[in-house]
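Make a model of the complete structure from these sequences and hints.
There are 4 protein chains.
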Amino acid sequence: MEGFEEENAVRGISVRKGMSVNELVCGMRGCAFGARRLAHAVDIYEEMLKAKATKFLGLAGALVPAGMRPVLAEMLRLRFVDVLVTTGANLVHDILEALGEHHYFCCEEERCEGKERDAKLREQGVSRIYDVVVKDSAFAALEDFLHRTFEKLDHSRRYSIRELLTEIGRNIKDEGSILRVAFENGIPVFCPALADSIIGLHAFIFKQISPLNVDAFEDLREINEIYCNASRAGVVILGGGVPKNFILQTALVAPRGGFDYAIQITTKTPEDGSLSGATLEEAISWGKLRENAKAVTVYCDATIALPIIIAALRERLGR
Amino acid sequence: MEGFEEENAVRGISVRKGMSVNELVCGMRGCAFGARRLAHAVDIYEEMLKAKATKFLGLAGALVPAGMRPVLAEMLRLRFVDVLVTTGANLVHDILEALGEHHYFCCEEERCEGKERDAKLREQGVSRIYDVVVKDSAFAALEDFLHRTFEKLDHSRRYSIRELLTEIGRNIKDEGSILRVAFENGIPVFCPALADSIIGLHAFIFKQISPLNVDAFEDLREINEIYCNASRAGVVILGGGVPKNFILQTALVAPRGGFDYAIQITTKTPEDGSLSGATLEEAISWGKLRENAKAVTVYCDATIALPIIIAALRERLGR
Amino acid sequence: MEGFEEENAVRGISVRKGMSVNELVCGMRGCAFGARRLAHAVDIYEEMLKAKATKFLGLAGALVPAGMRPVLAEMLRLRFVDVLVTTGANLVHDILEALGEHHYFCCEEERCEGKERDAKLREQGVSRIYDVVVKDSAFAALEDFLHRTFEKLDHSRRYSIRELLTEIGRNIKDEGSILRVAFENGIPVFCPALADSIIGLHAFIFKQISPLNVDAFEDLREINEIYCNASRAGVVILGGGVPKNFILQTALVAPRGGFDYAIQITTKTPEDGSLSGATLEEAISWGKLRENAKAVTVYCDATIALPIIIAALRERLGR
Amino acid sequence: MEGFEEENAVRGISVRKGMSVNELVCGMRGCAFGARRLAHAVDIYEEMLKAKATKFLGLAGALVPAGMRPVLAEMLRLRFVDVLVTTGANLVHDILEALGEHHYFCCEEERCEGKERDAKLREQGVSRIYDVVVKDSAFAALEDFLHRTFEKLDHSRRYSIRELLTEIGRNIKDEGSILRVAFENGIPVFCPALADSIIGLHAFIFKQISPLNVDAFEDLREINEIYCNASRAGVVILGGGVPKNFILQTALVAPRGGFDYAIQITTKTPEDGSLSGATLEEAISWGKLRENAKAVTVYCDATIALPIIIAALRERLGR
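Going line by line, the protein sequences match chains L, B, D and H. Using my numbering, read the first sequence as starting at 3 and increasing by one per residue. Using my numbering, read the second sequence as starting at 3 and increasing by one per residue. Using my numbering, read the third sequence as starting at 3 and increasing by one per residue. Using my numbering, read the fourth sequence as starting at 3 and increasing by one per residue.
Since the hints were made in silico from the structure, they are not lab data. The reader is advised that the hints may include incorrect statements.
Since the list gives no way to pick out one identical chain from another, each pair is judged satisfied if it fits inside one copy or across any two copies.
List of simulated lysine-lysine pairs, DSS-like, C-alpha gap at most 30 Å [stated by the list, open to error]:
1. Lys137 x Lys296
2. Lys19 x Lys175
3. Lys296 x Lys19
4. Lys52 x Lys209
5. Lys209 x Lys154
6. Lys154 x Lys137
7. Lys52 x Lys175
8. Lys19 x Lys54
Pasting the structure below:
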C-alpha cells in the first residue's frame with residue numbers, strides 16, 4: 003500500500019543500560035507521538051547547525067529559575083545560538099544568580115501553593131515561582147547592581163534595548179551568566195518587553211533622577227538586518243510569548259521568504275487560538291516559515307526536552 | 003462534621019428554557035469545578051465594580067480576531083475597565099476592523115491547518131489565526147493609516163507608548179474600536195511590547211525617514227501612579243503573557259500591599275512553571291495580591307467565558 | 003477572494019442585559035475559537051434531535067460530584083439521550099445522592115490540595131474529588147443499598163452489566179436520580195468498566211457469599227443492535243475515556259457506515275496520542291464517523307459547556 | 003532563612019557530550035519544574051525496586067502504537083512490574099504486532115488530520131492513531147487469531163478476564179509481545195474494560211455461536227489479594243483512565259493503609275476534576291496512598307518520559 007511500506011513502520015525503541023542521551027534520541031526516531039517529535043527536533047537542529055544557518059533562540063517561561071541557566075549559557079558559548087530574544091524575567095534571574103543569589107526548592111511536596119502557604123512565604127520574605135523561591139533580599143543586590151550599571155551609561159545618547167543589555171552583560175563578572183556569555187561572544191540579546199520586568203522597573207526608577215533614554219522600537223532595525231543578511235535562518239522557540247512572535251515577525255518585512263528551520267518546545271496547544279500555542283503550519287500562511295521549512299513542535303516541558311536536545315547535539319557534533 | 007454542613011453542599015444546577023445568562027451563572031454557584039469558578043468570577047467582578055475599585059484589564063490572546071471586539075469595547079464604554087494593558091496584536095486587529103477590514107472563517111472543518119493547506123492560504127494572500135484568516139491586502143490599509151497618524155505627531159518630543167496609542171485612538175473614526183472608545187473615555191492603553199507587533203514594525207519603518215521618539219520605560223511612571231492612587235485595585239487577566247505581569251508588577255514598587263481583587267481566565271495550567279500559567283496564590287508570595295484578596299482563576303477559553311461574565315454583569319447592574 | 007466573502011466574516015458578539023442563554027449562543031455563531039465551536043455544538047445537537055437520530059451519551063469525568071446531575075437527569079427525561087454509556091464513578095455518586103448523601107465544597111480556596119491538607123481530610127473522614135468532598139460514612143449507606151439490591155436479583159441467571167444497572171435503577175426511589183430516570187424511561191445504561199468502581203467492589207464482595215453472575219461482554223450485543231437499528235445515529239461525548247470508545251467502536255462491527263453526528267466536550271487535546279484527546283476527524287479514518295458527519299469538538303470544562311448547551315436547546319425546542 | 007539554605011539551592015544542569023541517560027537524569031535533580039519531577043520519579047522507582055515492593059503498572063494511552071512495546075515488554079521481563087492493568091487497545095495492538103503486522107507513520111507533516119485527509123485514509127484502508135496508522139487488513143489476522151484462541155478454551159467453565167488474557171498470552175509466539183512475556187513470567191494482566199476493545203468485540207461475536215463465559219467482576223478477587231499480600235506496594239501510572247482507578251481502588255477494601263509509592267506520568271492536569279488528571283495528593287484523602295508515600299507526578303508525554311526512566315533504572319541497577 004502506497005506510503006505504508008516496511009521502511010515506514012514504527013519500529014519502537016529499546017533501551018539498555020548505559021546508553022547515551024544521543025542513542026536514546028536516535029532510538030526515538032522509531033517511535034511516534036512526542037518521542038518522534040523530540041528526535042525530529044534534534045535532527046533539525048543538527049541540520050541547522052551544519053547548514054550554518056543564523057539561529058534565533060526565543061526564550062519564554064521561567065527557565066533560569068528552573069535550572070536551565072547552565073544549558074542556555076552553553077548554547078551561546080557553543081554558538082548553537084546567534085541571536086537571543088527573551089522575556090525580561092529570565093534576564094532578571096540570570097543577573098540574580100550572577101550576583102551570587104540562588105533559587106531554592108520551596109518544599110518537599112509536589113504542590114507548594116495555597117493561600118495560607120503563599121502568605122507564609124510572603125512573611126518569610128521569599129517569592130515563589132512554581133516549586134522554587136527567591137529571597138526578597140536578593141532583589142536589593144539586583145537594584146544596587148543595576149543602578150551602578152545605569153550610572154556608567156553615556157547619558158547623552160539614546161540606547162536601544164539591545165545596547166542596554168550589552169552594557170549590563172559587560173558589567174557582569176560571573177562567567178556562567180547568559181548575559182555575560184552573550185556579551186563575550188558578540189551575541190545580541192533582544193528583550194522587547196523589558197519594561198515588563200524588574201530591570202524595567204529599575205530603569206524607570208533611575209530615570210526619575212537621571213537621564214536614561216532607551217528607544218522602544220530601535221531594536222527592530224538590528225534584528226531585521228540580521229534576519230535579512232542570513233543565508234539561511236532558523237528559530238528555536240522555547241515557550242511562546244513575545245519572543246516567539248518578535249522573531250517570526252522579522253519575516254514580515256524582509257524579502258527572504260520565511261525561516262528555513264523551526265523548532266518549538268511548548269506545553270501550549272493551539273485550541274484557544276493564542277499565538278503561544280499556534281502551530282508552525284499557521285506560520286506558513288503568514289510567510290513566516292517557508293512552505294518547505296524543516297519544522298517540528300515538541301509538546302514537552304522545556305526543562306525536560308532542552309537538556310536532552312543539547313546533550314544529543316553535543317554528542318553528534320563532538321563538542 | 004465541621005465545615006461539611008448542609009449549607010456547603012453542592013446543590014447542582016437545573017437549567018430551564020428561556021433562562022437568562024445571569025440565571026445560568028447564579029445556578030453555577032451550586033456547582034463545583036469550572037462552573038463554580040465561573041460563577042465566582044462574576045461575583046468578584048460585581049463586588050469590584052460596586053467597591054469602585056480601579057480595574058486593570060490584561061488582554062492577551064487573539065481575542066479581537068475571534069470576535070470579542072464588541073464585548074471588549076463595551077467593557078470600556080461601561081467603565082468595567084479603567085486601565086487596559088494589551089498585546090500589540092489585539093490593537094493591530096482592532097485597527098484593521100476600524101478600517102473596514104474583516105476576519106474570515108477559514109474553513110468549514112474544525113482544523114484548517116496543515117503544511118499544504120497553509121501554503122495554499124499563503125498563495126491566496128490570506129494569513130491564518132487558528133480558524134480565521136485576514137487578507138494580506140488589509141495590512142496595506144493599516145500601513146497607510148499608521149504612517150498618516152505618525153506624521154501628525156509632534157516630532158520634537160518624546161512619547162510614551164501609552165501616549166502614542168492615545169494618538170492612534172484619536173485618529174480612529176470607527177466607534178466600535180477599542181482604541182477609539184478608550185480615547186473617548188480617557189482610559190489609558192498600555193502595550194509594553196508594542197515593538198512586537200505590526201504597529202511596531204511600521205513605527206520602525208517610519209523612524210527610518212522621520213523622527214519618532216518613543217520611550218521604552220516611560221509608561222511605568224503612569225501605570226504605577228494609577229495603581230498607587232487606587233483606593234482599591236482589581237485586575238482581570240485574559241490569557242497571561244506580558245499584560246498579566248505588567249499589571250501585577252506594579253505592586254512591587256508601590257506601598258499598597260497588593261491587588262484586592264483578581265480574576266484570571268486562561269487555558270494555561272501551572273505545571274510548566276510559566277508566568278502565564280502561574281496561579282493567583284503564587285502572586286500572594288510576591289505581594290502582588292493581598293493575602294485576603296478575592297481571587298479566582300477560570301480555566302476556560304476566554305471566547306466562551308468573557309461574553310458570559312459580561313452578560314451576567316450587565317444584568318446584575320442593570321446597565 | 004474565493005471563500006472569504008462578506009458572509010463569512012467574523013461579526014463578533016455583543017452582549018446585553020437580560021439576554022437568554024440561547025441568545026448568547028446564537029451570538030457566538032459570529033465568533034471564532036471556542037465560542038464558535040460551542041455554538042456549532044448546539045446547532046448540531048438541535049439537528050440531531052430534529053432528525054430523530056438515536057442519541058448516545060458518553061459520560062466520563064466526575065460530573066455528578068460537580069453538580070451536573072440535575073442537567074444529566076433532565077437530558078434523559080427530555081429524551082435528549084437514548085443510550086447512556088458511563089464510567090462507574092458517576093453511577094456511584096448518583097446513588098449516593100439518591101440515598102440523601104451530599105457532596106460538599108471542600109474549602110474556600112481555589113486549591114484545596116497538598117499532602118498535609120489531604121491527610122487532614124483523611125482524618126476527618128472525607129474523600130476529595132478536586133474541590134468537593136464526600137463523607138466516608140456515605141459509602142456505608144451505599145454498601146447497604148447495593149447489597150440489598152443484589153439480594154433481590156435472580157441468582158440462577160446470568161446478567162449483562164446493563165441489566166444489573168436497570169435493576170439498580172428500579173430500586174432507587176429518588177426521582178432526581180440518573181439511574182432512576184433511565185429506568186423509568188427505558189433508557190439503557192451501559193458501564194463496561196463497572197468493575198472499576200465501588201459498585202464493582204461491592205459486587206465482588208457480594209459474590210464471595212452469594213451467586214452473582216454478570217457477563218463481561220454481553221452488553222455488546224445490545225448496544226450494537228441499537229446502533230445498527232438506528233436510522234440516524236449521533237453521539238455526545240463528555241470527557242473521553244472508555245465511554246467514548248465503547249460508543250464509537252459499535253461502528254466497527256455494524257454496516258451503517260459510521261455515526262452521522264458527533265459532539266465532543268473535553269479539555270484533552272490530541273498531542274499525546276491518547277484516545278480521550280483524539281479528534282473526531284481521526285474517527286473518520288476508522289469509519290466510526292461518516293466523512294460528511296456533522297461533528298465538532300468543544301475544548302471546554304463540561305461543567306461550563308453542558309448547562310449552556312442544554313439551556314439553549316430547551317429554549318429552541320420549547321421544552 | 004529556615005528551609006532555604008545552600009543545600010536546597012537549584013544548582014541547574016550541565017550537559018556534556020556522550021553523557022548517559024542516567025547522568026542526565028541525575029543532573030535533573032538539581033533542576034525544578036518537570037526536570038525535577040522526572041528525576042524524582044526515577045529515584046522513587048529505584049527505591050520501589052530495592053524495597054521489593056509489589057509494583058502495579060497502569061497502562062492507558064496508545065503506547066504500543068507509539069513504539070513503547072519493546073520498553074514495556076522489557077519492564078515485565080526485568081520484573082520492574084509485577085501486575086499489569088491496561089486498556090484493551092494496548093493489548094489489541096500488542097497482538098497485531100505479534101502477528102507480524104505493523105504501525106506506520108502516516109505522513110511527513112506534523113498534523114496528518116483533517117476531514118479530507120482522514121476520509122482518504124479510510125479509502126486507502128488504514129485507520130489513524132494520531133500520527134501512525136494501522137492497516138485494516140491487519141484486523142483480519144487478529145480476528146482469525148482470537149477466534150482460534152477462543153476455540154481452545156474450556157467452554158464449560160467461567161473465566162475471569164485475567165484468565166482469558168493469560169490464555170491469549172499462552173497462544174502468542176512472538177517473544178516481543180507484552181502478553182507473551184507476561185504469560186512466561188507469571189505476571190497477571192488485568193483489563194477491566196476489555197469489552198471496550200476489538201478483543202471484546204470478537205469475544206462477543208464468538209459468543210453468538212459458542213459458549214464463552216467471562217465474568218465481569220471476578221478479577222477483583224485476585225488483584226485485591228495481590229495488593230493485600232504485598233509487604234510494600236507501589237504503582238506506576240501511565241496516562242490515567244480505568245487502569246489508574248482500578249489499581250488505586252484496591253486500597254479501598256484492603257486493610258493496608260494505602261500504596262507506599264506512586265509515580266504518575268500524564269499530560270492531564272487536575273483543573274477539570276477528572277480522575278485521570280487527579281493529583282496523587284487527592285488519593286491520600288481517599289486512603290489510596292499513605293500520607294507519607296513517596297509520590298510524584300511527571301507532566302510529560304509518556305513516549306518521552308518512559309524510555310528515559312527505564313534507561314536510567316537499568317543503568318542504576320546494572321541490568
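At most 30 Å between C-alpha atoms: does Lys154 with Lys137 qualify within a copy, between copies, both, or neither? Intra 27 Å, inter 48 Å, cutoff 30 Å: intra-copy only.
Within, between, both or neither: Lys52, Lys209 at alpha-carbon 30 Å: This pair counts as neither: shortest intra-copy Cα distance 45 Å, inter-copy 37 Å.
Since the copies are identical, ignore which copy is meant and state whether Lys19 and Lys175 lie within 30 Å (CA to CA) inside a copy, between copies, both or neither. Answer is between: at 27 Å across copies they meet the 30 Å cutoff, but 41 Å inside does not.
How would you label the pair Lys52, Lys175 (within, between, both, or neither) given a Cα cut-off of 30 Å? neither (32 Å within a copy, 45 Å between copies)
Taking 30 Å as the upper bound on the Cα-Cα distance, should Lys296 and Lys19 be classified as within, between, both, or neither? Answer is between: at 25 Å across copies they meet the 30 Å cutoff, but 32 Å inside does not.
Tell me, please, which holds for Lys137 and Lys296 at an alpha-carbon limit of 30 Å: within, between, both or neither? between (43 Å within a copy, 26 Å between copies)
First find the shortest C-alpha distance between Lys19 and Lys54 inside one copy, then the shortest across copies, and answer within, between, both or neither for a cut-off of 30 Å. between (35 Å within a copy, 20 Å between copies)
Same-copy or cross-copy closeness of Lys209 to Lys154 [CA-CA at most 30 Å]: both (14 Å within a copy, 27 Å between copies)
Figure legend: structure checked against the earlier numbered hints; hints not met, in rising order: 4 and 7.
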